[in-house]
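Protein chains: 6
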Amino acid sequence: MRLTHLDDKNRPQMVDASRKTPTERRATASGRITMSREAFDTIINERAQKGNVLQTAIIAAICGAKKTSELIPMCHTLILDHISCDIKEEEKSCSFRLFTNVKLSANTGAEMEALTGVSIGLLTIYDMIKAIDKTMVISDIRLESKEGGKSGYYERKT
Amino acid sequence: MRLTHLDDKNRPQMVDASRKTPTERRATASGRITMSREAFDTIINERAQKGNVLQTAIIAAICGAKKTSELIPMCHTLILDHISCDIKEEEKSCSFRLFTNVKLSANTGAEMEALTGVSIGLLTIYDMIKAIDKTMVISDIRLESKEGGKSGYYERKT
Amino acid sequence: MRLTHLDDKNRPQMVDASRKTPTERRATASGRITMSREAFDTIINERAQKGNVLQTAIIAAICGAKKTSELIPMCHTLILDHISCDIKEEEKSCSFRLFTNVKLSANTGAEMEALTGVSIGLLTIYDMIKAIDKTMVISDIRLESKEGGKSGYYERKT
Amino acid sequence: MRLTHLDDKNRPQMVDASRKTPTERRATASGRITMSREAFDTIINERAQKGNVLQTAIIAAICGAKKTSELIPMCHTLILDHISCDIKEEEKSCSFRLFTNVKLSANTGAEMEALTGVSIGLLTIYDMIKAIDKTMVISDIRLESKEGGKSGYYERKT
Amino acid sequence: MRLTHLDDKNRPQMVDASRKTPTERRATASGRITMSREAFDTIINERAQKGNVLQTAIIAAICGAKKTSELIPMCHTLILDHISCDIKEEEKSCSFRLFTNVKLSANTGAEMEALTGVSIGLLTIYDMIKAIDKTMVISDIRLESKEGGKSGYYERKT
Amino acid sequence: MRLTHLDDKNRPQMVDASRKTPTERRATASGRITMSREAFDTIINERAQKGNVLQTAIIAAICGAKKTSELIPMCHTLILDHISCDIKEEEKSCSFRLFTNVKLSANTGAEMEALTGVSIGLLTIYDMIKAIDKTMVISDIRLESKEGGKSGYYERKT
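Residue numbers (my numbering), protein chains in the order written: chain A, 92 to 249; chain B, 92 to 249; chain C, 92 to 249; chain D, 92 to 249; chain E, 92 to 249; chain F, 92 to 249.
Repeated chains share a single entry, so a pair holds when one copy, or any two copies, can fit it.
Here are the simulated DSSO-like cross-link-like pairs (lysine-lysine), alpha carbons at most 30 Å apart as the crow flies: (1) LYS100 to LYS225; (2) LYS100 to LYS241; (3) LYS221 to LYS248; (4) LYS225 to LYS158; (5) LYS183 to LYS221; (6) LYS111 to LYS248; (7) LYS179 to LYS225; (8) LYS225 to LYS241; (9) LYS221 to LYS100; (10) LYS183 to LYS248; (11) LYS111 to LYS225; (12) LYS100 to LYS111; (13) LYS221 to LYS111; (14) LYS158 to LYS248; (15) LYS183 to LYS225.
These aren't lab readings, by the way, just hints derived from the structure by calculation.
Please build the complete structure, drawing on both the sequences and the hints.
Following this line, the structure appears as structure tokens:
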């Protein structure tokens with residue numbers, strides 16, 4: 092199996108996208124942070140008022156998605172047309188699931204932007220809650236769906 | 092439970108660390124990326140030669156750890172004295188575990204730097220392998236241990 | 092009144108520009124820094140020679156305009172085709188007015204780039220002169236004109 | 092009057108702070124954004140619910156303060172111990188005043204960090220409201236007070 | 092001779108590229124680092140195993156090329172379609188030559204991106220070897236060839 | 092010969108500086124750009140008036156030095172106390188030599204900061220003059236002297 096990110100001498104390269112045609116693309120990624128009951132309830136209570144923790148996480152996710160090509164060495168710089176986030180609370184498991192959606196028109200996809208947004212957003216929740224619970228775990232960071240580009244539509248089967 | 096990252100009007104703030112005394116600190120975080128057998132074997136084979144995928148991930152983790160305060164809105168800028176990484180291959184589960192260790196002398200800890208390094212490193216593996224497998228999952232991002240500071244030594248059980 | 096930067100759950104979002112058509116756009120913003128007679132004269136004298144303070148401000152404004160999407164959380168990344176600056180001295184009021192002009196072809200406007208350039212340029216003057224006068228005030232940061240896009244031409248009346 | 096930011100050949104320089112002793116320092120800056128009644132009321136109504144506009148501005152101000160040395164060419168990189176913000180609503184003038192407070196222990200002051208935080212925060216409000224009112228004006232960006240360092244305590248009169 | 096980067100008042104400007112037509116462009120730059128026999132042999136020996144020094148340099152060159160418009164004040168932000176590197180060992184002179192190739196479709200060229208990539212890559216080799224030899228010299232940083240744009244094809248003679 | 096930037100498994104690492112004592116340090120680096128007579132004269136003439144090209148280069152060098160740890164993967168983040176530059180014109184060879192001096196108090200040296208400043212400054216001259224001469228060559232980037240730290244004083248012999 093040939094690795095696209097290595098050239099013919101096995102040197103890292105930023106893949107050649109110059110022959111691809113720009114198409115409209117979308118990607119959605121998600122991830123989860125699981126915490127103690129006490130930490131979870133603190134966020135839920137705070138959210139009932141102003142929701143600063145989760146909003147800070149969303150803002151960090153949006154800013155993080157824009158910084159992807161600075162963070163992931165072989166990623167192309169991309170001009171995103173849209174970034175939005177959603178957060179689902181799962182009371183039973185004391186966890187939050189963060190979703191990041193991106194849209195763009197380009198010759199390479201934006202899966203990495205969606206995944207990076209999710210990662211930075213979840214780390215931001217961790218940062219703001221770590222004084223209460225340092226055993227939190229971030230998990231299930233994954234691509235939910237993508238659209239556009241040569242490989243076309245993809246949707247994760249749970 | 093009072094959130095340290097919100098001020099008395101519930102506004103986000105960068106926590107006041109000015110009264111804390113600088114101490115020597117360490118933090119280790121880890122995380123995992125799980126993939127298809129085919130993707131796993133491709134990395135293993137490539138590693139047997141030059142190991143560019145895993146080395147690129149380590150470099151990205153080190154650079155990512157240095158960028159933490161730009162990514163996580165309420166994080167203090169920190170001067171890290173040392174960053175190193177390790178990668179463990181787990182053949183049974185077709186996964187790689189990435190560890191990031193940081194050392195510094197400061198009045199706030201560097202858990203976030205270790206966790207951010209791990210996250211960026213794992214996203215880099217995802218990026219370089221996604222042409223082979225887009226169902227990969229990043230999980231188990233967590234603090235393994237920390238040392239120094241008011242709360243002292245912490246080591247994760249299991 | 093619906094806020095475009097909040098989604099249907101009132102969460103911050105980067106506005107969807109994917110359905111807009113790219114057009115040629117321009118924006119000009121301006122701002123002012125007012126200072127003591129002594130500080131003003133120092134810059135004027137220095138400008139008669141090399142003009143380093145005002146030139147440093149112009150360079151900072153240009154670099155600042157390019158960094159807008161990193162600074163303003165919901166701003167799209169934009170590829171600017173042109174950035175230029177102008178400075179007007181107003182002797183009576185001991186103030187300098189900095190203008191930043193940007194041009195681009197995109198599906199969103201660049202008002203924020205022009206305004207950010209102006210702000211960073213004025214802060215740079217403040218920085219270089221603050222040892223002489225720390226009472227300086229930055230004011231009148233505003234959009235002077237814009238062109239292109241759905242809302243078309245706009246020019247500020249005084 | 093000698094400009095500290097120019098060397099003996101009138102070349103820009105980052106001032107030599109190596110002989111100064113680190114002391115505890117504080118700085119507070121403020122600035123104002125004035126808008127139409129409609130725009131003002133939109134923010135006030137939104138704030139009654141979640142307050143995303145003003146919170147996004149605060150987060151941007153905090154992140155902007157941390158980026159000061161990247162934006163202002165001759166600024167030293169500084170390690171801030173604390174950043175917090177406050178916002179005052181002035182209904183009569185349809186304006187918001189943003190305050191940024193910073194603390195640090197260093198051999199140079201952090202006035203620029205406080206002023207940059209204010210500027211970026213106000214630009215963020217402008218960005219989120221510009222679809223409603225593009226005549227908004229940012230003004231009165233100024234140092235309110237500082238403490239520590241050779242020049243000691245300073246508080247703005249009026 | 093008129094300088095394109097200065098406007099009609101001799102103020103620095105980012106050149107107006109808005110009237111240029113986007114074309115496919117390429118640029119290749121190269122540079123050299125010369126060192127002691129001992130330092131050279133250390134890299135060669137290490138390369139025989141894993142090659143971390145040269146690979147880290149290549150990754151830094153690719154990341155550096157992407158950061159060009161942040162580093163060179165009057166450079167346009169560009170979306171690169173492809174970046175690759177090559178390294179030639181010259182045993183006689185104890186030197187390494189680093190090549191950086193970029194491709195893009197834009198209305199301005201990417202010579203600066205190729206040259207910046209080379210510079211950052213060579214500085215990275217310097218950094219990793221400086222404990223062995225601090226007399227190393229970086230030289231011969233130059234444009235090898237370019238293609239596309241108004242001035243068309245250029246290839247360096249010797 | 093053991094490479095300090097590789098750990099015991101030959102993985103890249105940021106060298107452990109935690110056991111070193113902070114000392115006052117200085118470093119000076121220099122580099123040269125050589126060009127056609129026409130390009131050289133253009134800069135000299137322009138310098139007689141305002142000197143924007145060389146001043147822009149100095150500002151870029153100072154900003155570049157501050158960004159070193161973002162560019163060179165294994166470099167520690169450092170707080171520089173002072174950065175200054177000098178430029179020498181060599182008419183016979185149609186070249187400019189750029190010097191960058193840095194001072195700091197830290198447990199690692201700042202050679203890389205001085206060398207990176209020089210490189211970015213020279214690239215900035217290249218960028219502003221490339222419309223006149225694209226055969227320019229950047230060379231002789233090297234450490235001139237350093238002071239402080241375990242290895243003590245070093246001065247280059249020619």
